[in-house]
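Novice: Residue numbering for the sequence shown is 1 to 91, as defined by UniProt numbering.
These are computed hints drawn from the structure, not numbers from a lab. A virtual CB, placed ideally from N, CA and C, is assigned to each residue, including glycine. Hints may contain errors.
Said to hold, decoys possible - Pairwise CB distance ranges, derived in the manner of DEER restraints: (1) Gly72 / Lys8: 18 to 28 Å; (2) Gly83 / Val7: 41 to 51 Å; (3) His77 / His22: 32 to 42 Å; (4) His77 / Thr3: 17 to 27 Å; (5) Arg53 / Thr3: 45 to 55 Å; (6) Arg63 / Thr4: 31 to 41 Å.
To be verified - With a straight-line cut-off of 27 Å between C-alpha atoms, the simulated BS3-like cross-links for lysine-lysine are: (7) Lys5 / Lys49; (8) Lys24 / Lys49; (9) Lys24 / Lys5; (10) Lys80 / Lys5; (11) Lys17 / Lys80; (12) Lys49 / Lys80; (13) Lys17 / Lys49; (14) Lys8 / Lys24; (15) Lys17 / Lys5; (16) Lys8 / Lys49.
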Amino acid sequence: METTKTVKDISPHEFVKAYSAHLKHSDKMELSPYDPDWYYVRAASMARKIYLRGGLSVGAFQRIYGGSNRNGSRPPHFYKSSGAIARHVLL
Numbered sequence: 001m002e003t004t005k006t007v008k009d010i011s012p013h014e015f016v017k018a019y020s021a022h023l024k025h026s027d028k029m030e031l032s033p034y035d036p037d038w039y040y041v042r043a044a045s046m047a048r049k050i051y052l053r054g055g056l057s058v059g060a061f062q063r064i065y066g067g068s069n070r071n072g073s074r075p076p077h078f079y080k081s082s083g084a085i086a087r088h089v090l091l
């Protein structure tokens, strides 16, 4: 008899790819011009992180997905990402 696989048993790349494909067909919305599936990939990634860690807030996702702000000739500095996408996915 085959055992049931959980998110922990599947590689992150395979899970995010499959779950983003599932989310893509659930609702239509206007997307970024660079990668039409970026929103669904982000939602799938967030779902996996919630499943593995649990109890993550919007602020936690802002820190996870934040990045470096390039300040011209000044040194770069870390900035949190926008919370709008995290709030929308968590609802």
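Novice: Taking the beta carbons of Arg53 and Thr3, is their distance inside 45 to 55 Å?
Specialist: 23 Å, violated
Novice: Does Lys17 pair with Lys80 here, judged by a C-alpha cut-off of 27 Å?
Specialist: 25 Å, holds
Novice: Do the alpha carbons of Lys5 and Lys49 lie within 27 Å of each other, as the hint requires?
Specialist: Holds, because 17 Å separates the two Cα atoms, which is no more than 27 Å.
Novice: Are the Cα atoms of Lys8 and Lys24 separated by 27 Å or less?
Specialist: Holds - the C-alpha atoms of Lys24 and Lys8 are around 22 Å apart, at most 27 Å.
Novice: Indicate whether the distance between the beta carbons of Gly72 and Lys8 respects the range 18 to 28 Å.
Specialist: 43 Å, violated
Novice: Verify the proposed pairing of Lys8 with Lys49, using a straight-line Cα cut of 27 Å.
Specialist: 11 Å, holds
Novice: Could you tell me whether the CB distance from Gly83 to Val7 stays inside 41 to 51 Å?
Specialist: Cβ of Gly83 to Cβ of Val7: about 24 Å, so the range 41 to 51 Å is violated.
Novice: Given the hinted pair Lys17 and Lys5, is their alpha-carbon gap at most 27 Å?
Specialist: 16 Å, holds
Novice: With a cut-off of 27 Å on the C-alpha distance, tell me whether Lys80 and Lys5 pass.
Specialist: Not OK: Lys80 and Lys5 at ~34 Å, beyond 27 Å, violated.
Novice: Under the criterion that the straight-line Cα-Cα distance not exceed 27 Å, is the pair Lys17, Lys49 satisfied?
Specialist: Judged against 27 Å, a Cα distance of about 14 Å means the pair holds.
Novice: Is the hinted pair Lys24 and Lys5 satisfied, with a Cα-Cα distance of at most 27 Å?
Specialist: 23 Å, holds
Novice: Go ahead and decide if the range 31 to 41 Å is satisfied by the Cβ distance of Arg63 to Thr4.
Specialist: With a Cβ separation near 33 Å, Arg63 and Thr4 satisfy 31 to 41 Å, so the hint holds.
Taken one by one, the earlier hints fail for this structure at numbers 1, 2, 4, 5 and 10, listed in ascending order.
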